[in-house]
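> Sequence:
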Amino acid sequence: MMSYADLEREIDRGTRPELLRGWVLTVLDDIAEGRRPLLAVRHPLGFTCLPIERAGPDGICVHAWPADPPTVRPTTSAMHSHSWDLLSHVLYGRVPGGCCNCGRRCCPG
71 MMSYADLERE
81 IDRGTRPELL
91 RGWVLTVLDD
101 IAEGRRPLLA
111 VRHPLGFTCL
121 PIERAGPDGI
131 CVHAWPADPP
141 TVRPTTSAMH
151 SHSWDLLSHV
161 LYGRVPGGCC
171 NCGRRCCPG
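Residues in the sequence shown are numbered from 71 upward in steps of one, following the numbering used here.
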């Protein structure tokens, strides 16, 4: 099992996306086959959150968006943020709206 620190290091190194996808597919196969228990959470923004690992303050979640996400009316605001550092890596598809322009490693250029 890859830890958060392992995953962060691999993303920072620029590990080939297919290797990260392979790791995620192995984990998802374990969940589907009942080898790994998991309680999925439906997020108010329309995706399903699969909490893969939680160790202290760090965690790994896979967010699965439907192919045609429904229009979601936010319950509080159109802006969404977290009160913790968030490392994100797109395994398949793209993030609509592009970069957050925050200047961190998640943003190209």
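FYI, nobody ran anything at the bench for these hints, they're computed from the structure.
You may find that some hints are simply not true.
As the list claims (entries may be wrong) - If you anchor each label on the Cβ, the simulated ranges turn out as follows:
#1 Gly129 to Gly84: 34 to 40 angstroms
#2 Pro140 to Leu161: 20 to 26 angstroms
#3 Arg124 to Gly104: 32 to 38 angstroms
#4 Asp82 to Arg143: 34 to 40 angstroms
#5 Pro114 to Gly163: 18 to 24 angstroms
Cβ coordinates follow ideal geometry from the N, Cα and C atoms, glycine included.
> Run every hint past the structure and note whether it holds.
Hint by hint, here is what the structure shows:
1. Gly129 to Gly84: 34 to 40 angstroms: violated (23 angstroms)
2. Pro140 to Leu161: 20 to 26 angstroms: Check passed, 21 angstroms falls within 20 to 26 angstroms.
3. Arg124 to Gly104: 32 to 38 angstroms: 20 angstroms Cβ-Cβ, so the 32 to 38 angstroms window is violated.
4. Asp82 to Arg143: 34 to 40 angstroms: Between Asp82 and Arg143, where Cβ atoms are some 36 angstroms apart, the hint holds.
5. Pro114 to Gly163: 18 to 24 angstroms: For Gly163 against Pro114, whose Cβ atoms are near 20 angstroms apart, the range 18 to 24 angstroms holds.
Hints 1, 3 from the list above are not met by this structure, while the remaining hints are.
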